[in-house]
Amino acid sequence: MKRRRYPVYKPSGIEWLGDVPEHWETTRVKWSVRGCINGTWGEEPTGDEDIVCVRVADFDRDNFLVDPESSTMRSVERSQMRTRALRKGELLLEKSGGGERQLVGQVVYFGHEFPAVCSNFVARMPVREGMDARFWCFVHAALYRGKLNYVAIKQTTGIQNLDSNCYLDTPAAFPPFTEQRAIAAFLDRETARIDRLVGKKRELIERLKEKRTALIARTVTRGLPPAAARKAGLPENPTLKPSGVEWLGEMPEHWEAVPLGYLVQFRGGATPDKSRAVFWEGTIPWVTPKDMKVPLILDSEDHVTQEVLDAGLLSLHPVDSVLVVVRGMILAHSFPVARTSIPVTINQDMKALTCGNRITPLYLAWMLIGFKKTFVSFADESAHGTRKLESGVLNRFPALLPPLPEQAAIADYLDAETSKLDALVTKVEGAIERLQEYRTALITAAVTGKIDVREAAVA
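Sequence positions in the sequence shown follow the working numbering and run 47 to 505.
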């Protein structure tokens, strides 16, 4: 949809703003607020006089709001409350935080009536009279998405700090108050509309993923659906028999349930001495759980040298090994499985499964994926508080074993059908990304005057 522009523009002399409507002013962001007052962390909560303390973790970074769902209570002295108590309509600036992939400097709107302060990593910014807080929240969102806060960031060990004076010296466009309110109303409505569309598409992705999970689980426990079985020259709707395992139920009568340890060889891994560069300047992949986000391992983030293998510190696992994660908090909700397309080494949180002659690597990988929820339920808490799958659990696991030709047919079928579902997920994810890009562009266009939304705000 093509948006209307203002009748007359003038050069702003500011690169990120470009030309602005003729009747708008341009000056530093600092003149939109009455101050930038650091928060407080207070003391441990004591009882009735405790108060909500808004942390960076409470920032809804997509909607530029405070999410009170997981409020933290702190004890704050009354003398501090005079300057640090939050009021509805104020802006909150993230002064310390960020992360490896996220800049510090997010601004959110505090729209709540309950008594609260903000933490020492946050500053409150009450807006000046004649300024609309929601409009300025969108201005800050445009600054953040455009990374105009970058020059004000000071990096220290493991944390980013924002120089608020430097940040608030950033120039911005100042429309009249009535236009600020109109732009904020327009953006509130339009971003909410976009967010609803994004929400529906995310629900579609979840349904597609659930369908994928159900498809795999059914196929590795019941066999191919009739049409696929007929195409592969296999029996349709085979008779079922008890598997002999209570939680597993029935399985096709011509299949076997065999302890996994009888079908594969399990081998573990380790972490060579990190202080010895001679171990870490090589080209041999060293796979860890962070690499297990793909079904086929083509490479790894870290690599080791031949010296590690010569010293007997690690084993080299062949192509078509099946890798699984057996330790880590990821086992609380998932069970990563991947095949190798290259020889690899692994760390101590992994197991490499080498197939014998009764089971194929492709079928084994799909079978393990099909029982993901079961393996998650089998994971115990270790002495260090993380999750682990004991070797005995894997060894005794009753692997469902069709004849080799049927294993190949099942693997081919699941490769084809999951690829279709994955392609649909990728397509929907692309649509979400485009909607989010449009949302960002719309906010920037509105707060810099590239579109005239005064009439659209009341439409």
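Among the clues, some could well be false.
As the list claims (entries may be wrong) - Quick list of in silico lysine to any residue cross-link-like pairs, SDA-like style, CA-CA up to 20 Å:
#: 1; residue 1: Lys255; residue 2: Thr420
#: 2; residue 1: Lys339; residue 2: Ala454
#: 3; residue 1: Lys193; residue 2: Asn441
#: 4; residue 1: Lys418; residue 2: Leu309
#: 5; residue 1: Lys466; residue 2: Ser117
#: 6; residue 1: Lys419; residue 2: Asn403
#: 7; residue 1: Lys247; residue 2: Ala263
#: 8; residue 1: Lys419; residue 2: Arg404
#: 9; residue 1: Lys193; residue 2: Ser142
#: 10; residue 1: Lys76; residue 2: Gly59
#: 11; residue 1: Lys336; residue 2: Leu309
#: 12; residue 1: Lys48; residue 2: Cys401
#: 13; residue 1: Lys287; residue 2: Trp301
#: 14; residue 1: Lys246; residue 2: Leu63
#: 15; residue 1: Lys193; residue 2: Lys255
#: 16; residue 1: Lys56; residue 2: Val471
#: 17; residue 1: Lys496; residue 2: Lys287
#: 18; residue 1: Lys473; residue 2: Glu115
#: 19; residue 1: Lys255; residue 2: Tyr459
#: 20; residue 1: Lys56; residue 2: Pro217
#: 21; residue 1: Lys134; residue 2: Glu115
#: 22; residue 1: Lys466; residue 2: Ile251
#: 23; residue 1: Lys193; residue 2: Leu63
#: 24; residue 1: Lys434; residue 2: Gly307
#: 25; residue 1: Lys257; residue 2: His430
Said to hold, decoys possible - Restraint-style ranges between C-beta atoms, simulated for each label pair:
#: 26; residue 1: Asp348; residue 2: Arg242; range: 52 to 58 Å
#: 27; residue 1: Asn403; residue 2: Tyr196; range: 35 to 41 Å
#: 28; residue 1: Ser117; residue 2: Asn441; range: 24 to 30 Å
#: 29; residue 1: Val324; residue 2: Ala378; range: 46 to 52 Å
#: 30; residue 1: Arg480; residue 2: Glu95; range: 45 to 51 Å
Derived from the structure by calculation, the hints contain no laboratory data.
For each residue, glycine too, the CB sits at the ideal point set by N, CA and C.
*What hint numbers does the structure not satisfy?*
2, 3, 5, 6, 7, 8, 11, 12, 14, 15, 16, 17, 18, 25, 26, 27, 28, 29
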